[in-house]
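Colleague: Required output: the full structure, derived from the provided sequences and hints.
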Amino acid sequence: MYALDTVDLEVKSGEFLTLLGPSGSGKTTLLMAIAGFNRPDAGSIRFADTEMILTPPHKRDVGMVFQSYALFPHMTVSENIAFPLKLRNVETKEKKQRVQEALDTVQLSDLGNRNIDQLSGGQRQRVALARAFVFKPQILLMDEPLSALDKKLREHMQIELKRIHEQLGVTTVYVTHDQREALTMSDRIAVINDGKIAQIDTPHAIYNQPSNQFVADFIGESSILPLTLEADNKLSFSGQNIRTDVNLNSARQWGLLVRPERLFVADKNSLSIDEHLIFNGIVRDFVYQGETAYAVATINQSYELAFRFGTDASSTEHMMQTGDEITLGLNRHDTTVIPLEQIDQS
Amino acid sequence: MSWLKKSASDTQITHGRRLWLYASAAIIMLLLVIPTLIVIPMSFSDSQYLEFPPSNWSMRWYYEYFESARWMRATATSFQVGFLTMILATPLGTMAAYALFVSGHKLARVVFTFLITPMIVPVILIAIGIFYAYGKAGLNNTIPGLVLAHTVLAIPLVMIVITAALRTYDLNQERVARSLGATRTKAFFVITLPQIKFSVVTSALLSFLTSFDEVIVAIFVSGGSNATLTKHMFAALRDYIDPTIASISTLMILISTTLLLATQIFGSKEK
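The listed protein sequences correspond, in order, to chains A and B.
Counting in the numbering used here, the first sequence runs from 1 upward without gaps.
Counting in the numbering used here, the second sequence runs from 1001 upward without gaps.
Hint data in this document are derived by calculation from the structure and do not stem from the laboratory.
Hints may contain errors.
Unchecked claim - List time: in silico SDA-like cross-link candidates among lysine to any residue, alpha-carbon distance up to 20 Å:
(1) B:K1106 - A:N331
(2) A:K234 - A:P339
(3) A:K59 - B:T1183
(4) A:K196 - A:N331
(5) B:K1186 - A:F37
(6) A:K86 - A:M75
(7) A:K268 - A:P339
(8) A:K86 - B:K1106
(9) A:K86 - B:L1193
(10) A:K59 - B:T1185
Modeller: Here's what the structure looks like:
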């Protein structure tokens, strides 16, 4: 058993890269290897072109933010932020100036003299961040830095972190298990599963063109319908052909990935088979969730298809009940074909 | 007595229904303390012999103690050995506790248990063992010999106190410090040590007390001009009973309680 197995990852200069995966997938192990706290049994870690695998953490020039903040409680806010500068023998005047700049960047300009126990959770996270970037490290590493905050503050800090990243332009590797956080903040996302990279791409591509079933399942809500490979090497679902750019030559099972919000409730006659995929089914579950309603329909008596629709006044006519017959449309541009790991007949 | 009807805790039990608990707690505390305190009035006795309660009061046994060269030399030895034990056991125990806590090695628990065995094994066995080992090494009746023996007894205490402190400490602080540019040693001294310093002071005081109060090992291993205060007291009790013992005991109680109170104060500061 390896914690990490054949991970090949290149972070571009200035990029915000997120390692996203379920707990135990190896994402933190990978981050700690970059920071130098655990040494891989084999492999190579290079910053620019310098081999780092034998370099101890304190010589790697890496800024680090932990979930637990790990602020030094026996120092003030300013002393915490000045810590890396002090170790680099930055002269007093410049040190003061850079600490103040860092405080300004994280919008804590007036709190330099506070003690750590006088700060709120969000403020602590900002101090931890300022301390990690004040010495202009080559890389900024963050290990689930927002997961201890409540939802509202977390969402606010996501935007804030993105702004700070754009302002500083520092190469950032960010670990999270929260897919929305990853989609919100990243230039690219590496989805990690079982110590391997399942897919690495932009948030848009990860969401819209997952390259395998794990990524399709893990990111967002999804229904996956098994497809039939016809004799003419074309895919179809209950008689409707599915166009795809995917190379179908390998002998695999294929599935149609359907995102609930891409489906719409339609009048049978208003849909065109050229533009839409059409699913007829029966509503099995229906849940009102505020901004949208979530429902599951059974189609062809065997497959489940989850869908969402708006709850605005014009949509209320669609307010449905369990057992109603329903027609769902999907724009053909929104179809994604993925290889299946196993046949899912649920 | 409306106080008796007030609820003592969230469980709605009143103080009145808990009176038996308060009373038994008080009795137990008195039983613990009275045997210790009884020597205090005895030490101010005018009598030739130990008696309680004293028929006449005087300070003569305190003069006896302070004017005796023999008692003074034994006292100096005890302080010297206690101090040396403290400065040896505190860093050694702290280092061991830190290493075993941080390593996460599967043998760490085994090694920890091994190092605290001097607390579990009857001290008399340790004393006998050390006596024969020292016989070969020529360390009996020497200060270094006694200091090493007491250090063995003090290290478990230091380790337990320091490990408890490390458990409430976020080791990520040390990781952060290292990533920010501090060497591992520097990270320990600048970040970790300041945050466990009260526990270090506490364990230092306990190390001193372990040595200062210790009698069994001292009986075997110390002697001649290097005999400790406790050994002299033990010998004095056996050979001739006079109230000097009571006056010395009173002074020792004073020192011990002062140091224990100090550890309590330092211990509560770290929270």
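Colleague: Of the hints stated earlier, which fail here?
Modeller: 1, 4, 7, 8
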